[in-house]
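S.K.: Chains as they are written, first to last, in numbering that gives the first Met the number 0: chain A, 0 to 442; chain B, 0 to 482; chain C, 0 to 249.
Some hints could be false.
Said to hold, decoys possible - As a list, the in silico BS3-like pairs of lysine-lysine whose alpha-carbon atoms are at most 30 Å apart: (1) A:Lys49 - B:Lys72; (2) B:Lys347 - A:Lys344; (3) A:Lys49 - B:Lys64; (4) B:Lys347 - B:Lys57; (5) A:Lys344 - C:Lys13; (6) B:Lys160 - B:Lys143; (7) C:Lys17 - C:Lys229; (8) B:Lys471 - C:Lys121; (9) B:Lys143 - B:Lys199; (10) B:Lys160 - B:Lys199; (11) B:Lys180 - A:Lys333; (12) B:Lys64 - B:Lys347; (13) C:Lys138 - B:Lys112.
By construction, these hints were calculated from the structure, which means they are not laboratory data. The structure presented is a predicted model; accordingly, all values stated were derived computationally and were not measured.
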Amino acid sequence: MSDAPFTDHYGVLRDALPGHDLPWLSRLRASALESFSVSGLPTQRRESWKYTSLRPLEKVGFGVTGAPRACISIDRAPSLLPAASEHHRLVFVDGHHRADLSTLGNLPEGAELTTLREVLTNEPDWLEAHLGAVSGDPGGDWEQPLLALNTAMMMNGFVLRLAEGTVLHDPIEVVHLGGAGDRPLAYHPRNLVVLAPRSQVTLIEHYTHLGEQPYYANIGTEVSLAEGAVLHHYKLQADALDAFHTATVHAEVGPDALYDAFGMTTGARLSRNEIAVRLAGEGANCHLNGAYLVRGRQHCDNTTRIDHLVPNTACSEIFKGVVDDQARAVFQGKITVHRDAQHSKGHQLSKVLLLSDKAEIDAKPELEIYADDVVCSHGATAGDLDHDALFYLRSRGIPEPEARALLIEAFLAESVHNIAAQGICPALMSSIGHWLAGRPKEI
Amino acid sequence: MAATVETVERVRALDKYKYGFVTDIESETAPKGLSEDTVRFISAKKGEPEWLLEWRLKAYRHWLKMPEPGWSKVQFPPIDYQDSYYYSAPKSPTDGPKSLDEVDPKLLETYAKLGIPLNEQKLLAGVAVDAVFDSVSVATTFKKNLEEVGVIFCPISEAVKNHPELVRRYLGSVVPYADNKHACLNSAVFTDGSFVYIPKGVRCPMELSTYFRINAQNTGQFERTLIIAEEGSYVSYLEGCTAPQRDENQLHAAVVELVALDDAEIKYSTVQNWYPGDEEGKGGIYNFVTKRGACRGRNSKISWTQVETGSAITWKYPSCILQGDNSVGEFYSIAITNNRQQADTGTKMIHLGKNTRSRIIAKGIAAGRSDSTYRGLVRIGAKAAGARNFTQCDSLLIGDKCGAHTVPYIETKNRRAIVEHEATTSRISEDQLFYCRQRGMSQEDAVALVVNGFCREVMQQLPMEFAVEAQKLVGISLEGSVG
Amino acid sequence: MLEIKNLHATVDGKAILKGIDLTVNAGEIHAIMGPNGSGKSTLSYVLTGREGYTVTEGEVLFKGKNLLDMDPEERAGEGVFLAFQYPVEIPGVPNTTFLKEALNSVRRYRGEGELDAMQFVKLVREKTKMLHMSDDMLKRAVNVGFSGGEKKRNEALQMAVLEPSLAVLDETDSGLDIDALKTVADSVNLLRRPENALVLITHYQRLLDYIVPDHVHVLAGGRIQASGGKELAHELEARGYAEFSAGAAA
Chain A
0 MSDAPFTDHY
10 GVLRDALPGH
20 DLPWLSRLRA
30 SALESFSVSG
40 LPTQRRESWK
50 YTSLRPLEKV
60 GFGVTGAPRA
70 CISIDRAPSL
80 LPAASEHHRL
90 VFVDGHHRAD
100 LSTLGNLPEG
110 AELTTLREVL
120 TNEPDWLEAH
130 LGAVSGDPGG
140 DWEQPLLALN
150 TAMMMNGFVL
160 RLAEGTVLHD
170 PIEVVHLGGA
180 GDRPLAYHPR
190 NLVVLAPRSQ
200 VTLIEHYTHL
210 GEQPYYANIG
220 TEVSLAEGAV
230 LHHYKLQADA
240 LDAFHTATVH
250 AEVGPDALYD
260 AFGMTTGARL
270 SRNEIAVRLA
280 GEGANCHLNG
290 AYLVRGRQHC
300 DNTTRIDHLV
310 PNTACSEIFK
320 GVVDDQARAV
330 FQGKITVHRD
340 AQHSKGHQLS
350 KVLLLSDKAE
360 IDAKPELEIY
370 ADDVVCSHGA
380 TAGDLDHDAL
390 FYLRSRGIPE
400 PEARALLIEA
410 FLAESVHNIA
420 AQGICPALMS
430 SIGHWLAGRP
440 KEI
Chain B
0 MAATVETVER
10 VRALDKYKYG
20 FVTDIESETA
30 PKGLSEDTVR
40 FISAKKGEPE
50 WLLEWRLKAY
60 RHWLKMPEPG
70 WSKVQFPPID
80 YQDSYYYSAP
90 KSPTDGPKSL
100 DEVDPKLLET
110 YAKLGIPLNE
120 QKLLAGVAVD
130 AVFDSVSVAT
140 TFKKNLEEVG
150 VIFCPISEAV
160 KNHPELVRRY
170 LGSVVPYADN
180 KHACLNSAVF
190 TDGSFVYIPK
200 GVRCPMELST
210 YFRINAQNTG
220 QFERTLIIAE
230 EGSYVSYLEG
240 CTAPQRDENQ
250 LHAAVVELVA
260 LDDAEIKYST
270 VQNWYPGDEE
280 GKGGIYNFVT
290 KRGACRGRNS
300 KISWTQVETG
310 SAITWKYPSC
320 ILQGDNSVGE
330 FYSIAITNNR
340 QQADTGTKMI
350 HLGKNTRSRI
360 IAKGIAAGRS
370 DSTYRGLVRI
380 GAKAAGARNF
390 TQCDSLLIGD
400 KCGAHTVPYI
410 ETKNRRAIVE
420 HEATTSRISE
430 DQLFYCRQRG
440 MSQEDAVALV
450 VNGFCREVMQ
460 QLPMEFAVEA
470 QKLVGISLEG
480 SVG
Chain C
0 MLEIKNLHAT
10 VDGKAILKGI
20 DLTVNAGEIH
30 AIMGPNGSGK
40 STLSYVLTGR
50 EGYTVTEGEV
60 LFKGKNLLDM
70 DPEERAGEGV
80 FLAFQYPVEI
90 PGVPNTTFLK
100 EALNSVRRYR
110 GEGELDAMQF
120 VKLVREKTKM
130 LHMSDDMLKR
140 AVNVGFSGGE
150 KKRNEALQMA
160 VLEPSLAVLD
170 ETDSGLDIDA
180 LKTVADSVNL
190 LRRPENALVL
200 ITHYQRLLDY
210 IVPDHVHVLA
220 GGRIQASGGK
230 ELAHELEARG
240 YAEFSAGAAA
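Let's have the full structure, built from the sequences with the hints guiding it.
M.R.: Written as structure tokens, this is what we have:
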């Protein structure tokens, strides 16, 4: 085997990996592992990793475990939704499903929320058809080492399926708790969201932590939206400050379907959200929004890619960030309008507040346009808080720290309040509030 | 210089042996191909001092190891560096066409559209002209005026001889020989170019353009320009020519270095209209140029303006290193591509000093099957408190077979800086074209008018007389782009 | 001057004009009124040759020449002028540059010599003076940042400079308050000549209080449903288009 980090985990886990008796899956894993062994972790020599180094990740020395640690017990996993609200939850601890903490009752007809493991046991053929269907052929030319690593090592994750016309009014929440192990652990959740025509759902993913151990979550998610389907996909990444979080999302958006995503990052020592959206049917639309608040020595990378493949597709993308101390943020957003994708619209904006002299933001907003009848734009700004506004508030008697907090909150609130599922806004606003108060939010 | 003679002897020996023909120091052309001996030949031919030969050789050895820059969007087959001549003396007037009748009528047609005076047309087309040709005496007058105020403006090879201390101090100080493969090649084999020195407190009394236009046509494919503006001085330099230049050389790898000291200002304007190749993309110049200015002094300013309409491939990023506090960098660009042309151009603004400011206005127009990319870097260093950047990139597409791309890199390490970037891409508006045509304009005139309007902010930066020609050039470059 | 015979036209394959007959003689003012979607603007675009408007049947003669065979700029050269409902903004192009380019193009077409900068400035000054316009509108980019009224007056200025024999005014009153409407109407009236003709396309009668038509036509469902004198406009104002639209639908 090669020297690439994590590849030795495969040998350790081989027999504990779900579906190891399925030849197609073993082949898939082997080919993904092979490809990862060749490439290793992406380095800064790769253009798409120019601003993010994974060296700190290599230094930690993560281990693996095939089974959940038994002794962890908690009464109830945290939730981003109001306590009284009716919703469906799936809880993972260190990548392992915890049925005891999950509430899956009374899902309406046509909706199914389950685990990858379960689907692998009961419907391996379905999984064979859907795994990698959106993210690309793992046997082919791997451009995504982290997703390859995920494919080789995936152990569990969630699978959300909606039948044609199924509309869920209550949100679905998936909670990922890390750091519960007795040593630093790495795990690779793999999630699938497959929405049949005209189905609709709100999916909330919450990444946070339990214990004290550093951990590395390398997540792969594939989203497939058939004609007219709508997915509101919200994510709060509030992992422990010594954790590592890399997430790759691939979404394929069919005719008149909408992928509406918002991600907020406050946690992890190093995080990378890589989202690739293919607008593949006429009338397909996506909103890709995000907010991040980082401090200390945190490194937060949001890298997005939106491909307009057919005519009459639209996207809008707004990322707002606040960077303090010696933290560093990266925003790379690429919009490509392919040759025949006439009448496409694409708008992208990155706005960043730098709060300290050592903070850094590297932005690379990119437009690649091959069709002429399009309207595309992007914008990027970076700087300190508006001095006039600050002065105005102070002249009204508000002390500087409060005035600053107020302005930062207002800066981010705009993004949060645009979220369609208003139910989670209070939780997001409160995590902004906690961040501002200088206390990283615990659970 | 004994070493030189020795070198020449060796080159001679080599030629005899390797290529079976005799050449000597009087010969006009170096043998085909690139080797250390070619470098020595060029240096010997120019009678250069030892230090410069050493510098060239260092560059050459480094070049051998350097990879081609692979990050741009331009595509072309690998260059066969051995299939090219690296030195040939300016052509003798008798080699060219004897009269305008012998010149490609298409070329003359373009000259006429641009309104180039007949005598200049001859010069541009390489027609043999009389020694008593008016412009030469005009040029001499210019030179006298410049000398009176202490401005040095001469071929760089002449500066090496007459002002070695200046050349040695500044050559390669902004663009080191190892900067990139093309600049490295230039460092090894540059044949000529311009040298400008503006002494302290002097405002150069004229645009250094007219003179250049008349005299510096045969600067060759590896041109090297060095401009130094001493404390409190000012110069405006215009490079190139609005009329299309026929040139058989495929590869142009020029280097331009600018140095502005305290309170100095350099304005550098380029109108590039090299041969773009034919409609199918056959032929045409590879214009791989490294241009960089260092604002070394406080309150210094460097402003680049470029109108790029020619060349099969343009790879060019005129940049500013803003070292001095309060220094200012500007980049105004129009890049027009048609047929199969490719342009990957933009700028780098490196903010190092306090309160440094930069402004980038880039207009890309793509037509036919061409591709136009804006690629730029704005970097705000940790010490650049109070720095400001504003960037506006707009792309216009004409037709559905072309591409326009915007790739900015924005790196900010200081919170007391403000960085703003905006970019838009859209197609030429049918409404605008119809409106113009309803008022009587032809389709092509309408396109030229609308595109010129789109480029106006940049056009306004050009010296007046060139702005007029550049505007006409916009129309000519886009001919045939709209069905 | 203008003869439209059995004109049919489609947009995106959809029939919009379904057999228009109209004759306009020199010195006349015709008003074409109709509800939204009746084909008024389509008619103006078909007359001026806009892409995407396909003539499927019929003919249009202008001073005896087949207008439909010509490019838009040739029609302009022949003397057909359209005052746009929404005058187009052209950023970066100063109004003077635009006017000069247009005037010299038309003059070339007509075999007249081009005007040099001095002659042109003199001419434009005369026209702005005649229309009581200030010169600073000339320096601004074509229609960019102009108010609704300024845009329409700019159309009038172009008309004054280009001196067309047939001017089609498409919804010139739209988006104007009463003062602006009056100013624009005054300008148009100043430009009237016995040898020229005007076609006013409008939804409302109010413009016709200031520019009084000789003939009024009601366009609905792609056909002229009724023609009459200026009193027809008042009748329409009182009764609405409903009965004509109903007639068109039948």
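S.K.: Is it true that the CA of lysine 344 of chain A sits at most 30 Å from the CA of lysine 13 of chain C?
M.R.: Satisfied, since the Cα-Cα distance of roughly 26 Å is no more than 30 Å.
S.K.: Hinted pair, alpha-carbon criterion (30 Å max): lysine 180 of chain B, lysine 333 of chain A. Please report holds or violated.
M.R.: Within the cut-off at roughly 28 Å; holds.
S.K.: Between lysine 143 of chain B and lysine 199 of chain B, does the CA-CA distance stay at or below 30 Å?
M.R.: Status holds; Cα separation ~19 Å.
S.K.: Would you check the hint for lysine 160 of chain B and lysine 199 of chain B, treating anything up to 30 Å between C-alpha atoms as holding?
M.R.: Holds - the C-alpha atoms of lysine 199 of chain B and lysine 160 of chain B are around 22 Å apart, at most 30 Å.
S.K.: Against the 30 Å threshold, does the CA-CA distance of lysine 49 of chain A and lysine 64 of chain B hold or violate the hint?
M.R.: The given pair, whose Cα atoms are some 23 Å apart, holds under the 30 Å limit.
S.K.: Verify the proposed pairing of lysine 64 of chain B with lysine 347 of chain B, using a straight-line Cα cut of 30 Å.
M.R.: 25 Å, holds
S.K.: Is it true that the CA of lysine 347 of chain B sits at most 30 Å from the CA of lysine 344 of chain A?
M.R.: 29 Å, holds
S.K.: Would the pair lysine 347 of chain B and lysine 57 of chain B pass a check requiring their Cα atoms to be no farther apart than 30 Å?
M.R.: Satisfied, since the Cα-Cα distance of roughly 26 Å is no more than 30 Å.
S.K.: Does lysine 17 of chain C pair with lysine 229 of chain C here, judged by a C-alpha cut-off of 30 Å?
M.R.: Holds, at about 24 Å.
S.K.: Could you grab the alpha-carbon distance between lysine 471 of chain B and lysine 121 of chain C and see if it respects the 30 Å cut-off?
M.R.: OK: lysine 471 of chain B and lysine 121 of chain C at ~25 Å, within 30 Å.
S.K.: Taken at face value, is the distance from the CA of lysine 112 of chain B to the CA of lysine 138 of chain C at most 30 Å?
M.R.: 26 Å, holds
S.K.: For lysine 49 of chain A and lysine 72 of chain B, compute the direct alpha-carbon distance and say whether it is at most 30 Å.
M.R.: Since the Cα atoms of lysine 49 of chain A and lysine 72 of chain B sit roughly 17 Å apart, the hinted pair holds (cutoff 30 Å).
Hint compliance for this structure: every hint is met.
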